[in-house]
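Protein chains in written order, with numbering that gives the first Met the number 0: chain A, 0 to 361; chain B, 0 to 361; chain C, 0 to 361; chain D, 0 to 361.
Careful: at least some of the hints might be erroneous.
[Unchecked claim] Covered, in the sense of this in silico footprint (three residues per stretch, anywhere, with C-beta under 8 Å from a C-beta of chain A), are these stretches of chain B: (1) 111 to 117; (2) 277 to 287; (3) 302 to 315.
If you are wondering where the hints come from, they were derived from the structure by calculation, not from laboratory data. Glycine is no exception: its CB is placed at the ideal position from the N, C-alpha and C atoms.
There are 4 protein chains.
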Amino acid sequence: MGSVFGRIFTVTTWGESHGKGVGVVIDGCPAGLELSEADIQPYMNRRRPGQSKFSTPRNEADEVEILSGVFEGRTTGTPISMTVMNRTQRSADYSEIASYYRPGHADFTFDAKYGFRDYRGGGRSSGRETIARVAAGAVAAKILSSLGITVTAYTRSVGDIEISTFDRDEIMNNRLYMPDKAAAEKAEAYLEELMAQKNSAGGVVECIISGMPAGVGETVFDKLDAELAKAVFSIGAVKGFEIGEGMKAARLTGLEDNDGFEYKDGRLKKTSNHAGGIMGGMSDGSDIILRAAFKATPSVASEQRTVNKNGENITISVKGRHDPIIVPRAVVVVECMTAVTVCDMLLRNMTSRMDRIEKFYK
Amino acid sequence: MGSVFGRIFTVTTWGESHGKGVGVVIDGCPAGLELSEADIQPYMNRRRPGQSKFSTPRNEADEVEILSGVFEGRTTGTPISMTVMNRTQRSADYSEIASYYRPGHADFTFDAKYGFRDYRGGGRSSGRETIARVAAGAVAAKILSSLGITVTAYTRSVGDIEISTFDRDEIMNNRLYMPDKAAAEKAEAYLEELMAQKNSAGGVVECIISGMPAGVGETVFDKLDAELAKAVFSIGAVKGFEIGEGMKAARLTGLEDNDGFEYKDGRLKKTSNHAGGIMGGMSDGSDIILRAAFKATPSVASEQRTVNKNGENITISVKGRHDPIIVPRAVVVVECMTAVTVCDMLLRNMTSRMDRIEKFYK
Amino acid sequence: MGSVFGRIFTVTTWGESHGKGVGVVIDGCPAGLELSEADIQPYMNRRRPGQSKFSTPRNEADEVEILSGVFEGRTTGTPISMTVMNRTQRSADYSEIASYYRPGHADFTFDAKYGFRDYRGGGRSSGRETIARVAAGAVAAKILSSLGITVTAYTRSVGDIEISTFDRDEIMNNRLYMPDKAAAEKAEAYLEELMAQKNSAGGVVECIISGMPAGVGETVFDKLDAELAKAVFSIGAVKGFEIGEGMKAARLTGLEDNDGFEYKDGRLKKTSNHAGGIMGGMSDGSDIILRAAFKATPSVASEQRTVNKNGENITISVKGRHDPIIVPRAVVVVECMTAVTVCDMLLRNMTSRMDRIEKFYK
Amino acid sequence: MGSVFGRIFTVTTWGESHGKGVGVVIDGCPAGLELSEADIQPYMNRRRPGQSKFSTPRNEADEVEILSGVFEGRTTGTPISMTVMNRTQRSADYSEIASYYRPGHADFTFDAKYGFRDYRGGGRSSGRETIARVAAGAVAAKILSSLGITVTAYTRSVGDIEISTFDRDEIMNNRLYMPDKAAAEKAEAYLEELMAQKNSAGGVVECIISGMPAGVGETVFDKLDAELAKAVFSIGAVKGFEIGEGMKAARLTGLEDNDGFEYKDGRLKKTSNHAGGIMGGMSDGSDIILRAAFKATPSVASEQRTVNKNGENITISVKGRHDPIIVPRAVVVVECMTAVTVCDMLLRNMTSRMDRIEKFYK
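Can you build the whole structure from these sequences, using the hints too?
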């Protein structure tokens, strides 16, 4: 259970790291959207391994294929099934990894829940699962785009190194997806240092939603921020989530934190955006700003303490090359989960008023 | 839409601040739980206004009544309907508050979504809505208790004042529900200062779940931490949410953050709990630790800029007495949303393994 | 579990026959609908006991009260809570009824599922539960009405006595809600005969939905007819459900059953309506026609065989006066479950096409 | 929307008749079930075209492949993705069929809902969609089997020809899956006659669930019979659904229809089974008996009236060979939708009682 997301734009994912492939079915995508693999592949490429020295060298093309729901170049309103077949999974010897619990991984909890686990490369809990999220997000982003809404994620910090400028064009220019060239260079040096120490780093991904109409989001439980919190927190390795001022809001006074209103050039605006674009659980028309903290890659080559199946305390060092940081590849995943959530909430929002419903059906 | 929460233990809430009352229906509560108003009222009392000088003097008894689903002192397995009728709402003159948008409130977004709003005391977006959550949480907590699980929330910080010790017995001893007497005293002084300045404060609520079996939580989207993130972020005024190291995890290295495993006295344990009790979206058997940042009360008596219905930029100061801080009364709300979520996830977890299902039906 | 219905227009009901009352919460009702108790009470009155000699003399006013979600005469978009408090439940002696399983009732199955039951008047499985459905249906019907859609249910047959004419004005003129005066008279005579024999009758309720736009209903599982089937079959005592030709469709050939298309006066029409207004799970613009078969009232004064708690085979005769037929009072329940379902499906239908979504958000 | 079914055992299907393939993702299948393609293929074969002269000669192997969720021969508790790729779809000339609405098909309603349609072989509304249901049903049936529950469907009638004996061994022996050899022979003769007349027939599928524990099914809306009604009515061409006495229950008196209880050989039994195994929406421990009426195949070679895209009234005759009856191939589909539903309801039932939950977690 737990692999279905969304109320109207409903995303169901499947697949394991070293199984036959991974995939997603989107039910509830509106009909008439122009769509082909060319819309989705660029998103897959941003997430793909082997892109830089900070990502695993596993050489997967991660080629997406649309199997249903598109006819003559447009979505038909019926489920869109997309797959990325695994090409390079090898029948390696996993007997060692199968015999113990890797620290910081889900090995132990999967065994506790299911009685056993697909231990090959992390199975279902592998980062490879996020391919399916990205494919769904690419479709959602295209819908949002046709409504004038854009979603942009980037790396805000790596370890203690945080961006101090925001240059949107720089995001795609460095391997860490940071909108600050100087910070990216510092972060790269820090990561190389950690790699040399057989250690790893975490970081923060930030995401901005621009162009949102006001009033999107439901009351009480299904607030827009609550749905975003769930969506982003469901990405592996996320340990913190913020909107606007985030955790810092706890330290501000009411007068510091409140956003005033004003009419400017005939339009209603907020005088600031401490709230991060969401008030009372609904979009307020300003940019929505969210952040997610990712912990460091748990797989490190240094020695760590754990236990094995024989009930012994042992010391292990995780074999193979692993990303020294998850964050750069997680950027597009955060962007895509945000897009999926916002898309679903926009569709849910269409039934909020009788006058609009009457107009729709007239 | 948006007032229904949970998959099996399903909570539906209703009611406005100055309407006839507020209430909740729990569908999916197991049969055979001993339950009466006496189990719920103590939770209501912790949330009630008028408890201290830091909460509004509105004098509501907030008396809960069970209308269905309990027979001869035990739950029957059918929906439990509970109400708290509003006693003191007055037909005050709300024409002024109806005429403008209060900064930091949901007035504007409700209008944007629904076309108009119940402006009396905030209507559905009032903190009074949380009464229903607390009533549901009290039931969930009783179920958890029978399974050996406890949920304990408290105030971790007020503005910049954070606890530096943890004395569980102290929590109920001070008006701010802080487990550190000295910090509570400092915080009280800080709040009095802010009140004198017609200002308000925010803070952080922390919550500990003890006694959780390992393996509870679903994979991919419905991870235990993702569901908790949604549950807690759906409480008004929350701007940040953390599990374990939280946002700080982004600054730690893999070697600092990873929790090792060991057998100690014949039992499998983690050697640390940076993860905050959840790995791969499932409980790992350690204490689950979460935190929520609450922004400062937006209603302050100082002057603020906003707009009115006539399209004019105006200056207002919010009338009436308001809590200078939401946090102390939010403590029980966080505890209750946590209990509801954990209860639902425990019930969802029961179908994870064929051997257990076969044993159940044998 | 099981007391929540609908995806967008979400109805949650609660209450037992002899508890404090019954009620319903509607989440997802659009804002701006004019609504008051005066819209709902007439529906309640059609369902109320004591209306004729064919219904139980229990004298309940069944007065509905709206507790939330309506402000200044209009729905606010937030949950509408409605209650009907029980006035006449007495602390009668139920020890006998508690001691055995009534044939044809849910006594045994409730015990099997929950371990015990609220035996007072059938508890949650009582027909009194349908009050909540009717209140929700009245709201749904008002929404449909503003979209030009009407839902009309009536009694099609009582035992073997079926209508042979259809006079819409007659429906409200006889106590059996039959649109055929002569059939109604025959049916009344039949029922009196059965009452004299301490026996009871079943019958068929038919329902017509007029004014439906074409294309409403989802593909595959959530077909409009599938959702209607669930909605109507969830009413106690229903044993069969049909759309259009229904069970008889199995006996027709393709040429007999197919509906052709034609343009007539410039409009696309079907040349017949064997399908009953639904093709491929979606409304086709014709009247939607459905039928539900209700079994006879299980409570009869004649002697029947059953068992008691002591494990003995006994003979009982159900005490008290009971409706000799459920059908007339079920007419409004079928109408209301149909209205709730159609309303929900109309709201779900609004996101089917990109062009309409773009127009909506422009 | 509408291609997701179930609450815990959740089935999502995708695919079109002449697209790349069809498939299904099952989320919520318990871990530890032994499963391979060999469990599923026999079900696929029962549904496959080209099996007899009464089914289309389209020569598809309908080979099922499991892509995820199974490891070392057992389900892992994560989503099971299964596909059947289309092998024989040809890029035929569909321009004619694209230009008009076939009577009795979903061509018109798909256009009304989505603005256009995948017209190749019926697209998503093709019977080929049921492949995915059958694959899911095969998994559900295996789960049920391990709990001692069997689901058996067969053809009860073809046109007016109904079975008069029940010989379980005969079901798989004739091409119509009738448990009565003589009836099957008569029905075959009738179908040959209709084929000669370029006409088609409908019929009734009956299904028996044996071995059900009592008390499975939820109260009020999610009754077991209501869920079965939706599940079976969601199969294309179904126009009527019955449990136990079905529509005939409306003609029986209470004394005729009520099932008494008795202790026999120390076990509680019903003295009859008019209810068809479900009382108050829950299984009563007897066999559950349901029936579905299928209309005749709408595609007939005879001339029929319809309209084309130019707004003209035309006469068409559907080209190609089509099954003269849907029923025999629908038998396994009814069986599978029943299995999926019962499996989901059994899993939902596990949280009904505190004592069982406490025992589970002890």
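Consistency of the hints with the structure:
Using a Cβ-Cβ cut-off of 8 Å, 4 residues of the region 111 to 117 of chain B lie near chain A, which meets the minimum of three, so the contact claim holds. Here the region 277 to 287 of chain B counts 7 residues with a CB under 8 Å from a CB of chain A, which clears the bar of 3, and the coverage holds. Evaluation of the coverage hint for the region 302 to 315 of chain B: fulfilled, as 7 residues show C-beta separations to chain A shorter than 8 Å, against a requirement of three.
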